[in-house]
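K.L.:
Residues per chain are reported as follows:
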Amino acid sequence: MKPLEHKNYYEVLEVPTDASADEIKRAYHNALATYDDDSLVTYSLFSDEQRAEILRMIECAFNTLIDAEKRSQYNRKINDTSQAICEKTDGQDRVDADSVNQALNNSKADSLQAWVRTKSADEEIQAMVDKMLDEERICGKDLKNLRTALGVEIREIYETTRISPTVLTHIEEDRFEELPAEFYLRRFLRSYAELLQLEPQPIVDGYFKNMA
Amino acid sequence: MPTIYPIGGGKGGVGKSFVAASLGALMAMSGRRVALVDLDLGASNLHTLLGIKSPASGLNFFLNKDVRLLDRVAVPTHISGLNLISSCHCAIEIANLHYAQKIKLIKAIRNLPYDAVILDLGAGTNFNTLDFFTAASNGVAICTPEPTAIENAFRFIKAVHSRRLKQIIKTGPYADEVKSVLLDRRNGGLKYSETVQCVETYDAGRLPLLKKQFDGFRFHIVINQNRRSTDPTLGFKLEKVCNRHFSAPFQFSGRIDFDERVHDAVNQKKLFVELFPNTSAALSLKHTARELIRYCSPATEKRHHDETAGT
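Which chain is which? The protein sequence lines are A and B, in order.
Counting from 2, one number per residue, gives the positions in the first sequence under the numbering used here.
Counting from -14, one number per residue, gives the positions in the second sequence under the numbering used here.
These aren't lab readings, by the way, just hints derived from the structure by calculation.
Any given hint might turn out to be false.
In silico DSSO-like pairs for lysine-lysine, Cα to Cα no more than 30 Å straight-line [stated by the list, open to error]: (1) A:LYS8 x B:LYS196; (2) B:LYS225 x A:LYS71; (3) B:LYS222 x A:LYS8.
For clarity, every value in this text was computed on a predicted model and none was experimentally measured.
Okay, chain A solo, but in the shape it has when bound (with noise of 0.2 Å):
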């Protein structure tokens, strides 16, 4: 096996290399589930500077692979070298440490969590939220609006969480003849919340309390 530095964009995120955007992005969430600092599966197994050197290299690898121009031109190195190495020394590529995180909160498309955790510190998402909360009742119209204040489009939300596109927009519509059952409605409503980094409870409390 070779030592993750001397692994291919593709081998890091371990996607062929004819993947597909949609692979790629699923590719690099689950390595960041694996790889980040509160994942279950690789506890202690690193130290603090490996940790962010791997993290930094996934970093890399998605944003070279994500890219079409980019990746064209990545294509060409390892076509050319026959060895595409995340190389540590390339002054393009290179970022530190440090970095790795702000890039996580930057950009949208790196990670849908990092970057609603940023939008939602605005302090105009904050007062939303607080009047949402304040109210008794809460319907999904509430949700849609702070869904689009955040920028975040049902579409990103499938992505992450799986429940279908269709119920989604159910659920903002308050269509609650074609809700799911109780249990599923409360799971989705849930995630629904965890994404948009909001307390799950009230949420779906003052759901089902405009629902009855």
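Please arrange chain B on chain A, whose structure you already have, making use of the hints.
P.N.:
Here is chain B on its own, set in the frame of chain A:
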């Protein structure tokens, strides 16, 4: 030669003895001749799990040389086909087994006249535990879905690898430079990547041999006390991460569901799989037993033994 299943995992209380006893019972119930060996020296309680208060014989008679054949100190259990070799009557200092005794014991275990021999090991990473664990071609590492258990499991894996690498280098036909560099006591634990580098530098021709010897041992990851809230893909993720960062074969071989009634069964000194055979915990134990049987066989055992002969 029996198929040996060492059950280890680093952390205490993750259910090594419980899993060992359950697997032994299930394998015996499916018609195999099984010996359970309690190698949690100094903290043995396999006999209690099996409802035997005070085994009539045990490891002490073999280590004292009162009995020459290890099989003679095995006692039958209430399950037909399942025998127990207990260490509960061993002297208080037994936890610090002498090297010669350990070698003798490992040799005797490899020659036990059973289909399957299950070794219940203690927590921690002391040399005895590591050597019993690597006495077979497959080892089962038990872990619960908690950071404490995962942390100890990783430590255990690293310790097993370091121990194996040292054995391989020490007894293999590697160049003297390789041996003197890698076996230097000041070096501390060995890592596979460092070992490969060293062999590549001084004895490149033997790199394939090193790889073959190192890959001859397979880790089976078993998750115990799996809860409904546990990430269902945790085992597969662990398998992947281990294969990626430890460079030896790892395999996720089972997920045993948590069940409150395990506690009740232990209190009654009865086997959970007998008391509650149709619970999801018992069924997942059965599944795990099947998975392990599928991958471990006397043939892999023999190959492993030949390759590490002399240790």
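K.L.:
Compare the structure with each hint and give your call.
P.N.:
Outcome of the hint check:
no. : hint               : verdict
1   : A:LYS8 x B:LYS196  : holds, 20 Å
2   : B:LYS225 x A:LYS71 : holds, 28 Å
3   : B:LYS222 x A:LYS8  : holds, 19 Å
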